[in-house]
Amino acid sequence: AQSVSQHNHHVILSEAASLELGCNYSYGGTVNLFWYVQYPGQHLQLLLKYFSGDPLVKGIKGFEAEFIKSKFSFNLRKPSVQWSDTAEYFCAVNANAGNNRKLIWGLGTSLAVNP
Amino acid sequence: GAGVSQSPSNKVTEKGKDVELRCDPISGHTALYWYRQSLGQGLEFLIYFQGNSAPDKSGLPSDRFSAERTGGSVSTLTIQRTQQEDSAVYLCASSSPAGIYEQYFGPGTRLTVT
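Protein sequences appear in the order of chains A and B. Residue 1 is where the first sequence starts when you use the working numbering, and the numbers rise one by one after that. Residue 1 is where the second sequence starts when you use the working numbering, and the numbers rise one by one after that.
The hints are simulated quantities; they were obtained by calculation from the structure and are not laboratory data. All values reported here derive from a predicted model rather than from experimental measurement. Positions of the beta carbon are idealized from the N, C-alpha and C atoms, including for glycine. Treat the hints with care, since some could be wrong.
Stated by the list, open to error - With the Cβ distance kept under 8 Å, some of the chain A side facing chain B (calculated, not the full set):
| no. | residue |
| --- | --- |
| 1 | ASN32 |
| 2 | LEU46 |
| 3 | LYS102 |
| 4 | GLY106 |
| 5 | GLY108 |
Said to hold, decoys possible - Far from chain B, by Cβ distances over 10 Å, these chain A residues were calculated:
| no. | residue |
| --- | --- |
| 6 | VAL11 |
| 7 | GLU15 |
| 8 | GLU20 |
| 9 | ASN24 |
| 10 | PHE67 |
| 11 | ALA92 |
What the hints assert, rightly or not - Have a look at the derived ranges for each label pair, beta carbon to beta carbon:
| no. | chain 1 | residue 1 | chain 2 | residue 2 | range |
| --- | --- | --- | --- | --- | --- |
| 12 | A | GLY41 | B | THR112 | 14 to 20 Å |
| 13 | B | SER53 | A | TRP83 | 42 to 48 Å |
| 14 | A | LYS61 | B | GLU85 | 47 to 53 Å |
| 15 | B | THR112 | A | LYS58 | 35 to 41 Å |
| 16 | B | GLY16 | A | GLU15 | 48 to 54 Å |
Please model the entire structure based on the sequences and the hints provided.
So, in structure tokens, the structure goes:
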């Protein structure tokens with residue numbers, strides 16, 4: 001069965017620190033990869049996505065993620081975090097097979113950025 | 001434009017009662033998804049609609065759970081004879097025909113079964 005692992009459950013950083021959140025998935029075929037973010041009191045929203053092409057994808061608010069197929073990973077990065085990045089971050093995977101549309105989700109990483 | 005809306009935002013019910021949760025997708029979005037998020041858990045896929053049909057119901061946890069979608073728009077998730085383990089946030093998402101993998105989420109319904 002497909003699964004998604006997020007290695008960091010809680011991360012605390014100071015402003016201007018660099019961020020990397022790990023995400024690994026288990027599926028041998030073609031995948032679509034996503035990072036979603038949920039700011040306090042708000043809906044889940046898409047941060048960035050990878051379907052094909054350049055494995056380094058850039059999203060909103062200075063976030064980027066790199067797809068490394070050999071490592072089944074899609075880690076999220078940001079060079080310098082801000083207090084406003086405090087949120088819950090979710091990695092999700094869709095196995096690109098036929099009519100499969102569902103997303104398989106990691107458990108999420110709670111990021112707290114101290115001013 | 002208007003996003004995905006869900007109602008009610010909060011629902012407290014007694015064990016054994018039936019509940020209905022509603023999702024109004026973004027206008028023109030043909031695909032609709034239901035997920036469940038329990039405390040300390042990630043999002044759990046429940047069911048996916050394409051139009052009014054449900055090609056994937058594999059995530060429904062038991063036969064107490066059912067969902068329907070009418071007119072290719074509003075969807076209702078029904079839980080019969082609720083149990084305490086049904087307590088969770090139920091999230092709905094929709095996607096357009098063009099961006100079928102990009103899902104837009106509603107605010108969720110927090111269900112508490114006492």
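Verification of the supplied hints:
1. A hinted interface residue such as A/ASN32 counts as satisfied when its beta carbon comes closer than 8 Å to some beta carbon of chain B; here the least separation is about 5 Å, so the hint holds.
2. Using the Cβ-Cβ criterion of 8 Å, the hint placing A/LEU46 at the interface with chain B is satisfied: the shortest such distance is roughly 6 Å.
3. With a least beta-carbon distance of about 4 Å to chain B, the hint placing A/LYS102 at the interface is held under the 8 Å criterion.
4. A cut of 8 Å between beta carbons decides the hint on A/GLY106: the least distance to chain B is about 6 Å, and the hint holds.
5. Residue-level restraint check for A/GLY108 holds (minimum Cβ-Cβ distance to chain B is 6 Å; threshold 8 Å).
6. A/VAL11, annotated as away from the interface, keeps every beta carbon of chain B farther than 10 Å; the closest lies near 16 Å.
7. With a closest Cβ-Cβ approach of about 28 Å to chain B, A/GLU15 is found to remain outside the 10 Å limit, as its non-interface label requires.
8. Once the 10 Å rule is applied to beta carbons, A/GLU20 is consistent with being away from chain B; the minimum gap is 20 Å.
9. With 10 Å as the threshold on Cβ separation, the claim that A/ASN24 sits away from chain B holds: the shortest Cβ distance comes to roughly 14 Å.
10. The Cβ of A/PHE67 sits about 15 Å from the closest Cβ of chain B, beyond the 10 Å cut-off, so the non-interface label holds.
11. In this structure A/ALA92 is not separated from chain B by more than 10 Å, as the shortest Cβ-Cβ distance comes to only about 8 Å.
12. For A/GLY41 paired with B/THR112, a C-beta distance near 18 Å keeps the hint of 14 to 20 Å intact.
13. A beta carbon spacing of about 45 Å between B/SER53 and A/TRP83 agrees with the range 42 to 48 Å that was offered as a hint.
14. At roughly 36 Å, the beta carbons of A/LYS61 and B/GLU85 sit outside the given window of 47 to 53 Å.
15. Against the hinted window of 35 to 41 Å, the Cβ-Cβ separation of B/THR112 and A/LYS58 comes to about 40 Å, which satisfies the hint.
16. A hinted range of 48 to 54 Å for the beta carbons of B/GLY16 and A/GLU15 is consistent with their spacing of about 50 Å.
The structure does not agree with the numbered hints 11, 14 stated previously, though it agrees with the rest.
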